[in-house]
Amino acid sequence: MFELVEPIATVTFSEVVNEAFLALGMRNYWDGYFAGRAAPLGPAPAEVVHAVFYNFADGEVARHIPWVWGKITPQEAITVREQGSTAALRQMIGELADSPGLVRAADLATRAAVSAPTEGRPLYAGLRALDVPEEPVARLWHAATLLREHRGDGHNAALLAHGIGGTEAHVLIAVSLGMRAEEFGRIHHLPKARLTAVVDGLRGRGLVDAAGGFTDAGRETRQRIEALTDELAAPAYDVLSADELDELAAGLEPIAAAVWAFDN
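Residue numbers (this note's numbering): 229 to 492.
Where hints are given, some of them may not hold.
Okay, the calculated beta carbon distance ranges per label pair [said to hold, decoys possible]:
| hint | residue 1 | residue 2 | range |
| --- | --- | --- | --- |
| 1 | 275 | 422 | 13 to 21 Å |
| 2 | 358 | 275 | 22 to 30 Å |
| 3 | 472 | 358 | 18 to 26 Å |
| 4 | 332 | 311 | 32 to 40 Å |
| 5 | 405 | 286 | 21 to 29 Å |
| 6 | 469 | 241 | 43 to 51 Å |
| 7 | 478 | 298 | 25 to 33 Å |
Derived lysine to aspartate or glutamate pairs resembling EDC-like cross-links, with alpha carbons at most 20 Å apart [claimed, not checked]:
| hint | residue 1 | residue 2 |
| --- | --- | --- |
| 8 | 299 | 286 |
| 9 | 299 | 362 |
| 10 | 420 | 410 |
| 11 | 420 | 437 |
| 12 | 420 | 286 |
| 13 | 420 | 247 |
Treat the hints as calculated values from the structure; they're not laboratory data. All values reported here derive from a predicted model rather than from experimental measurement. Backbone N, C-alpha and C define an ideal beta-carbon position, used for all residues, glycine too.
Build out the structure end to end from the sequences listed, making use of the hints.
Shown next as structure tokens:
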């Protein structure tokens with residue numbers, strides 16, 4: 229389900245949405261990113277957004293929050309994000325946007341998306357407090373976003389339970405891809421000394437070897453984190469029967485594939 233939901237939810241990080249935020253006075257992509265994604269938390273201070281988002285380096289959130297709230301309100305950001313994401317998704321999937329299959333997938337995904345418990349899920353809870361759009365494409369994007377952030381909140385809990393910090397998590401992703409930390413997109417801009425200290429810390433804990441690859445313990449730790457993340461995400465789908473879950477997967481497959489093909 230993650231592989232089917234993720235492409236649909238992440239159209240919100242596309243150029244269509246970015247341009248909509250820039251038109252309202254945002255200085256760059258990251259202003260719009262933080263305004264849109266943090267908006268369900270209200271005008272929360274940077275420290276709170278940093279804690280909820282978990283995996284940004286110290287100081288990164290504060291470069292954008294609360295500055296963005298001097299240009300746009302959280303409610304305005306929610307509207308811009310929804311409208312831009314809907315437009316982007318419609319553009320990417322073409323005629324599927326008006327198909328009965330999308331309407332059914334949106335209905336099933338929404339049932340799942342609004343059914344999960346909110347305890348310990350701050351970003352998911354913020355999104356759950358928003359009105360569900362009526363238009364099918366918007367409703368599908370909204371449901372996918374709820375499911376994504378529900379999973380993301382659980383992933384943060386899994387990382388925390390295993391003692392893996394935000395920057396460490398990105399380093400472990402880089403290692404899993406056979407990349408050096410300074411090559412990985414989300415952290416390549418950080419000072420080299422800072423990244424070296426993070427890698428050294430993981431090496432000292434026996435998770436990374438001298439060559440910069442996984443040790444057996446490191447690989448097992450990442451596998452446990454991913455397995456726990458999936459386990460914590462599963463309750464969102466308990467409201468659907470096995471047949472409905474199969475139907476949802478079948479309905480999402482062509483939509484996710486169309487988004488992937490558009491981006492690639």
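Q. Broken hints, numbered, in rising order?
A. 4, 6, 7, 8, 9 and 13
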